[in-house]
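**Student:** For reference, the chains in residue letters:
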Amino acid sequence: MNKIKILSYYFLEFILTFLVFFTFILFFFKVSILNPNYIIKKLNENHYYEDLAKNIESTMEDYLRPSGLPMEVVKDIYTESDLKREVDGMINNLYSGKKVNVETKNIQDKLNSNIKTYLEKNNIKVSDEDSLDKFTDEVIKIYIKRIIISEELESISPSVNKWNKRINLVSIILAILSIVLAFIIRFSFKKKALIIPFITSSIMMMIVNNIMFLRIDIEHILFWNKSITLIIKKIFYDLSSNLKNISIILLVVTILILIITSLLKKYKKKLSF
Amino acid sequence: MLQKKLQKQTHKKVKKAWKEIAEQLVISFFFASFIYLFVYLFIGNQINSYLSLVNAITVKPSGEYESKEVSFNTVKKRLNNRPSWGTIWASLEIPEINMKLPVYQGDTLDILRSGVGHFSASYFPGEGGSIILDAHCDWGFFYRIPELKEGSLIYLKTIYGDYTYKLERTKIIGEDSMDDMPIQNDEEILMMYTCYPVNAIGHKSHRYVVYARLVEESHE
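Protein chains in written order, with my numbering: chain A, 250 to 522; chain B, 23 to 242.
No false leads were mixed into what you were given.
With a cut-off of at most 25 Å between alpha-carbon atoms, the simulated SDA-like pairs for lysine to any residue come out as follows:
| id | chain 1 | residue 1 | chain 2 | residue 2 |
| --- | --- | --- | --- | --- |
| 1 | B | K35 | A | L505 |
| 2 | B | K188 | B | E169 |
| 3 | A | K347 | A | Y327 |
| 4 | A | K394 | B | V76 |
| 5 | A | K290 | A | I340 |
| 6 | A | K475 | B | V76 |
| 7 | A | K483 | B | Y72 |
| 8 | A | K483 | A | I456 |
| 9 | B | K37 | A | I255 |
| 10 | A | K348 | A | I289 |
| 11 | A | K390 | B | I195 |
| 12 | A | K394 | A | A302 |
Covered, in the sense of this in silico footprint (three residues per stretch, anywhere, with C-beta under 8 Å from a C-beta of chain A), are these stretches of chain B:
| id | region |
| --- | --- |
| 13 | 52–59 |
| 14 | 124–136 |
| 15 | 214–222 |
| 16 | 225–237 |
According to the in silico footprint, chain A covers these stretches of chain B (three or more CB under 8 Å from chain A):
| id | region |
| --- | --- |
| 17 | 32–44 |
| 18 | 71–77 |
| 19 | 153–163 |
It should be emphasised that the hints constitute simulated quantities derived from the structure, not laboratory data.
For each residue, glycine too, the CB sits at the ideal point set by N, CA and C.
With the hints as extra help, turn the sequences into a complete structure.
**Tutor:** Quick look at the structure:
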């Protein structure tokens, strides 16, 4: 090949490397943190719903203390499966850009019923009915706040969905461009097109993984509460481990293919000779 | 002879194949280095600031939060070191209503389960400013606070000295009326508050506040 052809080949390989690397990265995040089912799976694995139930119970207990009402009024107003349904629904809505809300009618009805039963059983007359209504509202607020964590989630939901769609589109475009460019390189230059991009991508993924691990003090991170922090840490370690494994496998497999195809070509020539 | 020639040619071809493999690997490493440098030079600062933002939500290990000895500087009229969060630094005693409770640094719900909380943005006894203490209104805590009258004595026995306050007035305020408990450092006022009415059922939308002035102090 003349010099211009060689330079063109390496330039196109460099572009293809970029395309392949970002295709891998986007796909990697698409099947992990940008996938609601992945997040839900992590919540299940780390007993998030049990911790959430305990958290809600503890907060309600603190609120109930000065209210003059016992814990029995909030007993059985929700179950762990109610919490799971709400949290999973909230995550799915967050990723699909829908309104993030929590169903509370049943809980409110059960709470009101429990309060009425308690007051009647103990022959307690409440002069200020507003205080009981406000009490119920506050208990429901505790329930909602612990599930939704932050009101800002509702405001970021449309953005999450928008970015998710953009990433989908971009990853498809990148993948198509990569395939097209790979074919162009293969047939124009009669050289292997994907070996260099795959090896470079695996090296880049290892670098990204190391930067994440070295630069982020994940062990001491504290975000919102202990349960959420634990989930974030687990997701981080999981992503890091998967990224490392994928990069190693990609590197090893690509090098093996390179060795086999290069040697095979030479031996084939030898046999034909 | 022919066999030797064939062997030599095979050896050359294999050597060429390994050379091609090495070339591909070297180019790959070169590309990776170039991409890394390119990203570092053009958006390295942005990436660093995002990473710093993430690290800003870390909590350092206990080494930095080990409790230091609390002592009072009588010249500056300030504590040399504040008590660690969640630790007991005083005993609140009101003999008139038979009350003796531990005072904790901080006033989170966790702390209020065990005793009296100190609003950490307020001052400490002896510092000449507003001291804000709060506790639940149930029996064994601040339930009997509304029984106190003008002139009632309140004792704060801290780990660095003892302070006596005389109740001046009380007030019932809305649950969000923090303006009625101002943080100031012109005079030492002890403010204690709790939910009100103390024996009502349901949500308590008022607070009962007691204002007491420093009348006596002794340091260790």
